[in-house]
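Novice: Sequence:
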Amino acid sequence: MTPTATTAKTTVLVIDDEPQILRALRINLSVRGYDVVTAATGAAALRAAAERRPDVVILDLGLPDMSGIDVLAGLRGWMTAPVIVLSARMDPSQKVEALDAGADDYVTKPFSMDEFLARLRAAVRRGAAAASDGVEPVVHTAAFSVDLTAKRVTKQGNNVHLTPTEWGMLEFLVRNHGKLVGQEELLNEVWGPSHVNQTHYLRVYLAQLRRKLEDDPSHPKHLLTEAGMGYRFQQ
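By this note's numbering, the letter at position 233 of the sequence shown is numbered 260, and the numbering carries on one by one without gaps.
To be clear, the hints were calculated from the coordinates, so they are not data collected in a lab. This structure is a prediction, so every number in the text was calculated from the model and none was measured. Check the hints yourself; a few may be wrong.
Computed spacing ranges between beta-carbons, pair by pair [unchecked claim]:
#1 70 with 246: 38 to 44 angstroms
#2 199 with 246: 22 to 28 angstroms
#3 221 with 178: 22 to 28 angstroms
C-beta: ideal position from N, C-alpha, C; glycine also.
Generate coordinates for the entire structure from the input sequences, incorporating the hints supplied.
Specialist: Put into structure tokens, the structure is as follows:
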């Protein structure tokens, strides 16, 4: 098959600790014009994703250094590229866990290469249709930095402890940087649909975040309130 202009520009990150799988996918994808990046560990995969910004990720769940689900969580902290899980695990509960964690598709080993390539093409189309403006994995401001992959915040070189709720609120605002996030949208994302009228939650937790992160909490530069409308993260 002759490489096309579309596939030639498509970067695929393959994460698997089986050398034969990496080799087979590298060969089959390369001859079809894909730019193939491989990683055999979760740590290497997260680094490669941050450096190469793949258009699609192929992920094995059984990695030697960390769970594939943890890798998926790290990726989903900042990127929206489609993720296809490629695993020998056939337990329905594990498939559900992977899909709930953010996977777009699940292919079990052994697999048909033709079927896999068809699923990959479909994932590429979905990814192109849902392309975002691209959030950096590490977002820096003049006061603090947010690492969306490691789920960590630092200020003046020191880690800042955030509660899970504070992190959820900050992460959603950072992932929508520069955009106005409505009160109901933020409440639904962090607390769930049953709390969309609890606007006092937002005031309390945003005040806590400002105290921890802003240089001057009474005059915030990064965690902004749009009166009567919502909130905005500004770098």
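Novice: Now tell me if each hint is right for this structure.
Specialist: Okay, the hints, checked on the actual structure:
1. 70 with 246: 38 to 44 angstroms: holds (40 angstroms)
2. 199 with 246: 22 to 28 angstroms: Check passed, 23 angstroms falls within 22 to 28 angstroms.
3. 221 with 178: 22 to 28 angstroms: Between residue 221 and residue 178, where Cβ atoms are some 25 angstroms apart, the hint holds.
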